[in-house]
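Protein chains in written order, with this note's numbering: chain B, 102 to 617; chain H, 102 to 617.
Hints are supplied without guarantee of correctness; some may be wrong.
Once the Cα atoms are required to be at most 27 angstroms apart in a straight line, the calculated DSSO-like pairs of lysine-lysine come out as [what the hints assert, rightly or not]:
id	chain 1	residue 1	chain 2	residue 2
1	H	K124	H	K445
2	H	K521	H	K583
3	B	K159	H	K447
4	H	K159	B	K159
5	H	K200	B	K189
6	H	K124	B	K355
7	B	K364	H	K445
Over the 10 angstroms line for every Cβ pair with chain B, so calculated as not near, a few chain H residues [unchecked claim]:
id	residue
8	R104
9	N234
10	A476
11	E510
12	R527
No wet-lab data here; the hints were simulated from the structure. The structure displayed is predicted, hence computed values, not measured ones. Where is the CB? At the ideal position from N, CA and C, for every residue including glycine.
Number of protein chains: 2
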Amino acid sequence: MKRALDTARSDNFSEWYQEVVRKSDMAETSAVRGCMVIKPWGYGIWELIQADLDRRFKETGHENCYFPLFIPLDFIAKEAEHVEGFAKEMAVVTHHRLKTIDGELVPDPDAELTEPLIVRPTSETIIADSFRNWIGSYRDLPVLVNQWANVVRWEMRTRLFLRTAEFLWQEGHTAHVDRGDAFEETLRMLEVYREFAESVMAMPVIAGEKTENERFPGADNTFSIEAMMQDGKALQAGTSHYLGTHFSEAQGIKYQSAEGDEKFVHTTSWGVSTRLVGGLVMTHGDDDGLRVPPALAPQQIVILPRLKGDDSDAPILEYCDTLRKQLIGSRALGAPIRAQVDRKDKNASAKRWDWVRRGAPLLVEIGPREVEANAVSVLRRDALYEGEKVNPENTTPDELANTAASRLEDIQSSMHGQAKTFMESRIESGIAEFGALGEFFGEASEDEDGPSEGPLRWARVPWCKPTGAALAAIEAKLDPLKLTIRNAPLDQNGVSGACIFTGEEAVEEILIARAY
Amino acid sequence: MKRALDTARSDNFSEWYQEVVRKSDMAETSAVRGCMVIKPWGYGIWELIQADLDRRFKETGHENCYFPLFIPLDFIAKEAEHVEGFAKEMAVVTHHRLKTIDGELVPDPDAELTEPLIVRPTSETIIADSFRNWIGSYRDLPVLVNQWANVVRWEMRTRLFLRTAEFLWQEGHTAHVDRGDAFEETLRMLEVYREFAESVMAMPVIAGEKTENERFPGADNTFSIEAMMQDGKALQAGTSHYLGTHFSEAQGIKYQSAEGDEKFVHTTSWGVSTRLVGGLVMTHGDDDGLRVPPALAPQQIVILPRLKGDDSDAPILEYCDTLRKQLIGSRALGAPIRAQVDRKDKNASAKRWDWVRRGAPLLVEIGPREVEANAVSVLRRDALYEGEKVNPENTTPDELANTAASRLEDIQSSMHGQAKTFMESRIESGIAEFGALGEFFGEASEDEDGPSEGPLRWARVPWCKPTGAALAAIEAKLDPLKLTIRNAPLDQNGVSGACIFTGEEAVEEILIARAY
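Model the full structure from these sequences, guided by the hints.
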């Protein structure tokens with residue numbers, strides 16, 4: 102059976118991923134090492150992600166701001182002093198002018214900055230500097246801000262959306278009177294991410310707390326949502342951190358309490374990035390390309406006229422435009438339906454398969470026959486085949502317009518259900534000892550992207566939540582298997598039995614998986 | 102008469118501007134030289150500017166993309182070869198790692214980039230690189246894309262919103278089969294900007310073409326919209342460029358025509374930036390702070406409860422919340438009304454003046470008396486005083502809810518009318534010779550920000566549209582007066598008489614002004 106991509110998921114998941122991203126017109130590599138170009142279809146998905154999350158942030162009381170792209174080196178130095186595990190791969194600006202010397206354009210030696218600037222890898226320090234000015238009394242708290250921005254981390258090996266030197270994200274930053282208030286915020290935003298992933302991305306996730314060694318540098322607690330990709334690996338899809346008073350002590354952010362004492366504020370930060378688009382691909386893509394859940398599809402219904410390039414085209418196009426007008430007049434999933442007529446001068450079959458690869462949820466094909474019969478031919482992208490054949494459904498334009506919302510809503514929930522079954526059926530909870538864990542996951546292959554062979558799934562196992570050297574010893578055992586501890590799910594089943602690493606009494610369950 | 106700012110416009114316009122921006126909580130300077138922090142009220146205005154323009158871009162067929170922040174040095178070198186007047190003040194990234202050497206964090210000498218990267222000052226070259234890959238045949242044209250992004254230009258003297266090292270903007274980039282199509286696009290987007298400025302910003306502008314010497318480097322034609330600030334100076338508020346084949350020749354962007362010939366595409370670019378927010382302040386601000394036109398006000402109606410901090414507060418807050426709910430249920434200016442209850446623990450008068458300075462269009466004050474009388478006390482920010490007194494209007498919550506939309510729409514058009522009268526009454530069209538021009542504008546003061554004294558207005562004069570040396574000679578005459586040619590308005594009155602610079606026969610009228 103011929104499919105719309107050259108590579109199947111089961112052949113080579115990593116190559117399949119690259120092919121989907123390229124052939125769905127989402128993104129491409131650029132002339133700049135590690136930086137991507139996000140094309141209209143990919144950016145359209147990101148815009149819908151942004152719009153939905155932004156509404157959720159505002160509903161939970163946050164306001165948007167914008168802070169500088171550059172961070173003075175001494176802010177970073179201060180952070181490095183305070184924070185263990187601080188990463189040093191960043192883009193450093195050292196000059197502010199170019200000059201032609203001996204016929205060559207070079208950084209002007211006379212325009213060296215007295216202090217280098219760092220392109221923000223994240224904005225805790227520069228935002229803390231503003232917080233110090235904004236906060237005087239308990240009356241000024243909480244401060245709840247967010248920014249949508251680009252950030253840069255110098256990654257050596259990059260992959261479109263999943264790991265790039267520059268990426269787009271949002272970073273929420275908040276300041277509170279005490280631990281209780283800040284901790285509540287940390288969990289509130291984790292829940293915003295979880296709910297968004299499930300209901301809008303149709304991507305099931307498990308929310309939980311990271312271990313001590315996987316915390317954000319400077320955090321007292323780090324929480325994540327973890328999604329299962331179709332190769333069985335985990336993708337960390339969003340994080341929320343309770344930062345305690347680390348940043349407020351480093352930057353002197355104090356407030357006067359109602360009782361008149363000077364206290365340090367407690368801060369949080371939380372973020373998701375364009376990485377989510379990569380997660381979308383690996384959750385919902387199939388061997389014909391991407392499938393976009395309707396809530397995030399820049400075009401939910403694409404109407405494909407079969408054109409001949411002569412006078413017979415006009416009534417077909419008119420028929421299509423009338424249908425489109427009907428469709429965009431109704432709402433689905435809380436917003437007006439997004440529908441487009443693809444007027445491109447290209448043959449009908451090529452257009453069909455372009456949109457299959459892009460993953461538009463509903464395709465409507467209209468030729469002279471349909472116009473004459475007052476009919477439309479409808480393809481549902483999430484269930485393209487009946488047996489081995491693509492089998493369009495015939496109906497009328499009116500019926501389609503009347504059912505468009507419920508069709509889209511059905512696709513949304515069906516895609517979520519499918520992904521949820523996939524994930525839930527692949528979490529093993531019956532492993533009671535470390536040896537069985539190795540057998541369950543099988544050998545780690547030497548594939549540079551990590552193993553893509555073997556029964557790649559997740560295990561949920563009891564452990565004793567050790568710290569320090571004891572935790573490091575466990576990680577040393579997992580490392581040769583390329584296994585990582587993803588998180589300790591918030592939703593604990595009531596643990597019993599012994600820690601599979603130490604034999605001590607277990608205190609909670611954790612998720613173990615190979616990961617991106 | 103006491104006003105809400107320390108500085109009046111007539112005292113010192115430049116200081117007044119800084120005070121408005123600061124006291125309206127729009128933006129502040131940051132720890133990074135030349136970079137600003139945009140605070141929620143300022144960013145909220147920018148978000149509304151973005152949303153409205155973005156809708157207009159999409160309605161005219163454009164799609165959003167995202168291109169890399171960094172530009173390889175050799176792209177810039179290629180541009181410098183092709184383009185005269187190329188600016189060299191830019192942020193240069195030379196290292197990708199920090200290292201602690203002798204206890205100090207510095208750029209790691211072992212992590213020097215083989216080729217420096219430039220932080221984008223604009224994206225023509227990097228986008229042209231993608232266009233080359235995207236375009237093969239006439240069927241791929243036009244390509245119509247836009248990006249919302251941050252850009253960096255190393256400015257020596259900066260002022261919040263008006264001129265900062267980093268700023269936010271949108272840049273549209275398009276490619277077309279020929280000059281006709283590209284030129285039409287250039288003018289279409291100029292008209293989008295003009296219409297937006299007038300109807301959404303309530304800021305009257307004059308659209309026209311820049312002279313040869315004021316073109317964007319690489320453009321065949323540059324058009325601008327120019328707005329008159331309250332000090333009489335001009336602010337260039339948006340530009341649209343027809344770039345001919347300069348960039349397509351430099352980067353080899355060719356297509357095969359329907360006839361099978363290889364041709365270079367014709368490109369355009371067009372942009373507006375956070376500078377618009379500065380224009381908003383200088384168009385609509387008064388001696389009490391900012392006045393935001395309702396279409397761009399993050400909160401259009403702010404309800405201010407008079408609270409005592411005791412049990413008597415509850416019914417007042419309930420009354421306020423009920424009113425807010427009524428208000429946000431209706432629409433004004435094409436969108437749901439934005440209304441907020443300011444619950445801050447602060448005295449009522451301080452809250453009133455905070456919101457006056459921020460410029461929320463309608464303020465509604467509610468205390469125990471209003472609750473008892475089923476009344477509200479309404480202040481219209483654009484017409485705060487009756488004589489020398491602030492004179493609130495008393496009405497009922499229902500009446501206010503029923504008239505809120507028409508009140509906001511009235512404020513919007515009244516602010517536009519006021520600004521339009523201001524501008525139109527200050528353009529002098531009767532100057533027939535160069536000597537009179539000098540007299541009209543008066544001496545240039547030595548104020549470093551340019552003159553703020555004298556009858557700062559605009560003159561519309563006939564000229565012969567010279568080029569090259571003849572144009573340079575005219576600029577040399579204008580320069581000591583700190584005068585610049587803003588543009589040749591598209592809307593020409595039918596020119597007659599002689600060029601005021603050369604005495605030759607005039608071919609068009611141009612606008613002359615001092616400018617930001």
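Hint check:
For the suggested pair K124/H and K445/H, the alpha carbons sit about 17 angstroms apart, so the restraint of at most 27 angstroms is met. With a CA separation close to 25 angstroms, the supplied pair K521/H and K583/H stays within the 27 angstroms bound. Between K159/B and K447/H, the direct Cα distance comes to roughly 23 angstroms. Compliance with the 27 angstroms bound is thereby established for this hinted pair. Pair hint K159/H plus K159/B holds up; C-alpha atoms about 25 angstroms apart against a cutoff of 27 angstroms.
Restraint check: the Cα-Cα separation between K200/H and K189/B comes to about 7 angstroms, which is no more than 27 angstroms; the hinted pair holds. For the hint pairing K124/H with K355/B, the CA-to-CA distance comes to about 22 angstroms; that is within 27 angstroms, so the pair holds. Of the pairs offered as hints, the one joining K364/B and K445/H holds, with about 21 angstroms between alpha carbons and a cut-off of 27 angstroms not exceeded. Listed as outside the interface, R104/H is consistent with that label: its C-beta sits roughly 25 angstroms from the nearest C-beta of chain B, beyond the 10 angstroms cut-off.
Separation of N234/H from chain B is inadequate, the least Cβ-Cβ distance of about 7 angstroms not exceeding the 10 angstroms criterion. Every CB of chain B lies more than 10 angstroms from the CB of A476/H, the least distance being 29 angstroms, so the non-interface label holds. Interface exclusion of E510/H from chain B stands, the closest Cβ pair being 24 angstroms apart, more than 10 angstroms. Residue placement check: R527/H keeps its beta carbon more than 10 angstroms from all beta carbons of chain B (closest about 34 angstroms).
The structure fails to meet hint 9 from the earlier list, while all remaining hints are met.
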